[in-house]
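Colleague: Using the sequences and the accompanying hints, generate a full structural model.
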Amino acid sequence: MQKVEAGASIDGFELVERLQSGRMAALWRARNPKFDFPLLLKIPFLDPGGDVSVILGFEAEELILKRLSGPHVPRFAASGGLAKVPYIAMEFVAGVGLAELTNRAPQPPDEVARIGAEIAKALAALHRQKVVHLDLKPENIILAERGAVLLDFGLARHAELPDLLGEESSVPMGTAAYMSPEQVLGERSDPASDVFALGCILYQLATGEEPFGRPATFAGMKRRLYHAPKPPRDIDTAIPRWLEAVILRCMEVDRSKRYAEATHVLSDLRNPDQVVVARKRAPSNERPWVAIRNLFRRTDERSLVGKPASSTVRAGPPIVLAAVDLANGSDALAGEVLNETARILAARADSWLACVTVLKTEIVGNTPSVDESGRLVYLQRLVALKDWARPLHLPEDRISYHVLEAVSPADAILNYAEHNDVGHIVVGARSSSAIRRHLGSVSTKVVARALCSVSVVRLKAIEEQRRLPS
Amino acid sequence: MRIAILSDIHANREAFDAVLEVVEKQAADQLVLLGDLVGYGPDPVYVVEKAADLVEAGALCIMGNHDEAAASGRSGMTENARIAIEWTRERLARVHLDFLGKLPLSLRSEDRLYVHASAERWKKWAYIRDVDAAQRSLSSSDARFIFCGHTHIPAIYYALPGSRPVHFQPLSNVAAPLSKLRRHLVIVGAVGQPRDGNPAACFALLDTERREVTMVRVPYDHEETARKIRASGLPGWLGMRLKIGR
Numbered sequence: 001m002q003k004v005e006a007g008a009s010i011d012g013f014e015l016v017e018r019l020q021s022g023r024m025a026a027l028w029r030a031r032n033p034k035f036d037f038p039l040l041l042k043i044p045f046l047d048p049g050g051d052v053s054v055i056l057g058f059e060a061e062e063l064i065l066k067r068l069s070g071p072h073v074p075r076f077a078a079s080g081g082l083a084k085v086p087y088i089a090m091e092f093v094a095g096v097g098l099a100e101l102t103n104r105a106p107q108p109p110d111e112v113a114r115i116g117a118e119i120a121k122a123l124a125a126l127h128r129q130k131v132v133h134l135d136l137k138p139e140n141i142i143l144a145e146r147g148a149v150l151l152d153f154g155l156a157r158h159a160e161l162p163d164l165l166g167e168e169s170s171v172p173m174g175t176a177a178y179m180s181p182e183q184v185l186g187e188r189s190d191p192a193s194d195v196f197a198l199g200c201i202l203y204q205l206a207t208g209e210e211p212f213g214r215p216a217t218f219a220g221m222k223r224r225l226y227h228a229p230k231p232p233r234d235i236d237t238a239i240p241r242w243l244e245a246v247i248l249r250c251m252e253v254d255r256s257k258r259y260a261e262a263t264h265v266l267s268d269l270r271n272p273d274q275v276v277v278a279r280k281r282a283p284s285n286e287r288p289w290v291a292i293r294n295l296f297r298r299t300d301e302r303s304l305v306g307k308p309a310s311s312t313v314r315a316g317p318p319i320v321l322a323a324v325d326l327a328n329g330s331d332a333l334a335g336e337v338l339n340e341t342a343r344i345l346a347a348r349a350d351s352w353l354a355c356v357t358v359l360k361t362e363i364v365g366n367t368p369s370v371d372e373s374g375r376l377v378y379l380q381r382l383v384a385l386k387d388w389a390r391p392l393h394l395p396e397d398r399i400s401y402h403v404l405e406a407v408s409p410a411d412a413i414l415n416y417a418e419h420n421d422v423g424h425i426v427v428g429a430r431s432s433s434a435i436r437r438h439l440g441s442v443s444t445k446v447v448a449r450a451l452c453s454v455s456v457v458r459l460k461a462i463e464e465q466r467r468l469p470s
Numbered sequence: 001m002r003i004a005i006l007s008d009i010h011a012n013r014e015a016f017d018a019v020l021e022v023v024e025k026q027a028a029d030q031l032v033l034l035g036d037l038v039g040y041g042p043d044p045v046y047v048v049e050k051a052a053d054l055v056e057a058g059a060l061c062i063m064g065n066h067d068e069a070a071a072s073g074r075s076g077m078t079e080n081a082r083i084a085i086e087w088t089r090e091r092l093a094r095v096h097l098d099f100l101g102k103l104p105l106s107l108r109s110e111d112r113l114y115v116h117a118s119a120e121r122w123k124k125w126a127y128i129r130d131v132d133a134a135q136r137s138l139s140s141s142d143a144r145f146i147f148c149g150h151t152h153i154p155a156i157y158y159a160l161p162g163s164r165p166v167h168f169q170p171l172s173n174v175a176a177p178l179s180k181l182r183r184h185l186v187i188v189g190a191v192g193q194p195r196d197g198n199p200a201a202c203f204a205l206l207d208t209e210r211r212e213v214t215m216v217r218v219p220y221d222h223e224e225t226a227r228k229i230r231a232s233g234l235p236g237w238l239g240m241r242l243k244i245g246r
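Read top to bottom, the protein sequences are chains A and B. Just so you know, the first sequence maps onto residues 1 to 470 in the working numbering. Just so you know, the second sequence maps onto residues 1 to 246 in the working numbering.
Honestly, the hints are just simulated from the structure, not real lab data. Don't be surprised by glycine CBs; every beta carbon is placed ideally from N, CA and C.
Covered by chain A, according to a simulated footprint, are these stretches of chain B (three or more residues, beta-carbon under 8 angstroms): (1) 149 to 161; (2) 174 to 181.
In silico BS3-like links for lysine-lysine, alpha-carbon gap of 30 angstroms or less: (3) K25/B <-> K130/A; (4) K180/B <-> K130/A; (5) K124/B <-> K102/B.
Modeller: Below, the structure written as C-alpha cells:
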C-alpha cells in the first residue's frame with residue numbers, strides 16, 4: 001500500500017495538509033489541477049482484520065455522495081478502490097462548524113431559529129434526492145456562505161439503492177445523542193429520523209443541554225421511547241413558547257405527531273407567528289406518572305414510533321400556496337381557486353396551506369400599512385382572506401394567512417414560495433385583456449419562474465363571455 | 001463499456017424485437033444472450049435464426065435448460081414446459097437444433113461470468129431464489145461478476161469476503177450500483193416471460209465504467225404473443241401469464 005503523507009500523490013491528488021480527523025478516516029487537504037474547487041481527501045482506516053463497519057461506511061458514503069448534488073452537500077470529485085489507496089475526494093467546504101456553536105450554547109432564540117432553518121433547508125434538499133442522512137449531528141454540519149452543508153454520508157440510506165450497511169448489521173447505527181427512536185429500533189429508511197435529530201440539535205442550541213445525554217448502552221438509548229426530555233422552557237423560560245413547540249414537535253416519538261418533513265420545520269422556524277402553541281402544557285409533575293404507566297403497559301415498541309412518514313410524504317405536496325386576488329372581493333375565480341386548493345390539500349392529511357393575497361403598492365418603499373388608513377386596508381384584506389379560506393375548515397395548525405405588500409404580485413408570490421419551500425402553488429388566471437397581454441399576467445410569470453408545480457385556475461364561463469359582442 | 005444482457009427470450013418474437021430496438025438505441029457495445037432462446041413461446045424459428053445472426057455479428061450466446069431440452073429431446077420439466085418443448089422440436093429444423101445443441105454452457109469475459117442458471121454445477125439448472133443459493137453460486141466461481149437468468153425475477157446479490165451475500169431487488173429503469181469492494185451475482189429478468197408481476201420485457205444494461213447495472217423494462221405487444229400461443233395450440237396459460245407477468 002502506498003504511503004499516506006504530506007506531498008504524496010494518490011491518483012493525481014497531491015496531499016497538502018492533514019486535518020483533524022475522526023475515528024474512521026483521515027482527512028487531508030489536497031490539490032489536483034483537474035478540479036476547479038478546493039479539495040478534501042477522506043482516507044478510511046482499513047486495517048486488515050479491523051472493524052468491518054469502516055469498510056461499510058466508506059462504501060455507503062462513496063455510493064451516495066456521488067449521486068448527490070446541490071449547494072447543501074460537498075461536491076464529489078473521485079474515489080479509489082481497495083486495490084491501491086481507498087479514498088473519496090470531495091469539495092473542501094469552508095465555513096463555521098456547527099459544533100463550535102453548540103459548544104457555546106445556549107444561543108439566542110433568533111439565532112437558534114436562523115440556524116435551524118438553514119439546516120432544515122439542507123435536509124429538505126437531501127430528502128428530495130431520496131437520501132436520509134441518519135447521522136445528523138453538529139460535527140456533520142458546516143454553516144457556509146451558501147447555507148448549511150451536510151457532511152459524512154457513511155450511515156446514510158438512498159431509497160432506491162441497496163442498504164448494504166443496514167443489511168450487514170443488526171445493531172442500531174447512529175450517534176446516541178441525536179438518534180431517533182425508530183433508528184434505535186433498527187429502522188433506516190425514514191426522512192423523519194433526520195427531523196428528530198434536527199430537534200435534538202435545536203434543543204441543544206437553545207438550552208445548552210443534550211436532551212438525552214450520551215447513553216452507551218442499548219437500554220440507555222431506548223429510554224427515549226418512554227421518557228420525554230425536559231421541556232426547553234423548564235431549563236430557560238426565556239426560550240419562546242413557539243420555539244419550544246417546534247423543537248418538541250421535531251422530537252415526537254410517535255411519527256404521526258412529528259413533523260413529517262423538514263420543509264414544515266423550515267416554514268415554522270421562519271414564521272413563528274404561525275406556530276400553534278398548545279394552550280396547556282402537561283405540567284412536569286405529571287410526567288413520572290406517564291413514565292410509570294408506560295412501563296407497566298409495555299406495548300410493542302414499534303407501535304410507539306408509529307408508521308414511517310415516507311408514505312405520507314409520497315401522497316402530495318407538504319406546503320401548498322394558494323394565491324388569491326381579493327382586490328375586488330371574493331369573486332367566481334377566487335371560488336374556483338378555493339376548489340382547486342381543496343382538491344390538492346385532500347391528497348395529504350398533514351399538508352399545510354399558506355393563503356396569500358397581495359396588496360399592490362404603487363411605488364417601492366411605500367407601505368400602506370404604516371399609516372392609519374393603510375392599516376385599515378391591510379386588516380380588511382386579512383379578514384377577507386380568512387373568510388375566503390373558511391369553507392376549507394382547516395384546523396389552525398394547517399393554515400396561515402399572509403397579506404403581502406408589493407409592487408409586483410408575481411414577485412411577492414414567488415419570493416414567498418421560494419423562501420418557504422412551497423411544494424405547489426395554486427393561482428388564478430383572468431381572461432385575456434389588452435393591458436394583461438402587454439404587461440404579462442401574474443399567473444404567466446408565476447408559471448415561468450416557480451421552482452415547484454403550479455396549478456393555474458381559469459373560469460370556463462369567461463371564455464364564453466369573451467365571445468359575446470361588447 | 002456498455003453490455004446488454006438478454007435472458008429467457010423463450011421464443012417471444014414481439015418481446016425480443018422490442019428489446020433489440022431499445023438495445024440498438026442505447027448503442028450498447030456488446031450483446032449477451034443468456035440462454036433459453038426457446039420454450040414456452042410461439043416463434044422458436046424466428047428467435048433462433050435472429051440469435052444466430054446476432055452471434056455471427058459478435059454477440060455472445062450461452063445455452064439454457066430449454067435450449068438443451070429442445071436440442072436433445074430429453075426433458076425433466078413441468079407439464080406445460082414439456083408440451084411446449086415437444087411442440088418446439090416439431091417446428092425446428094436440424095440446423096436450428098444444431099445451433100442450440102452447440103451453445104456453450106457458460107462464457108467468461110474479463111471479470112464477468114455468464115451462465116444461465118447458476119455457477120454451481122451448470123447442468124443441474126439450479127434456481128437462485130435465496131441468499132444460500134446465491135452464496136453457493138458465488139463460491140463456485142472467482143469471477144467478480146456472475147450474470148444468470150433462469151428465475152425470470154431480477155435480483156442482485158452483493159458479497160463481501162467472509163459474510164453472507166446481501167439481496168437487493170433492483171428497481172425498474174433505475175441504475176443499481178456495483179461496489180468496488182464486493183463480488184456480485186446479478187440475476188437478469190426475462191425478456192420473453194417476466195414473472196415479477198410486471199409484464200414488460202426485461203433486460204440488463206451493464207455499464208462497466210460507471211459500475212452500474214440497470215434492469216431496463218420494455219413494454220411490448222404481449223396480446224399479440226398470447227394470440228399466437230392460443231392459435232398454435234400451445235397451453236393457454238402460457239399466453240395468460242404474459243399479460244400478468246407471473
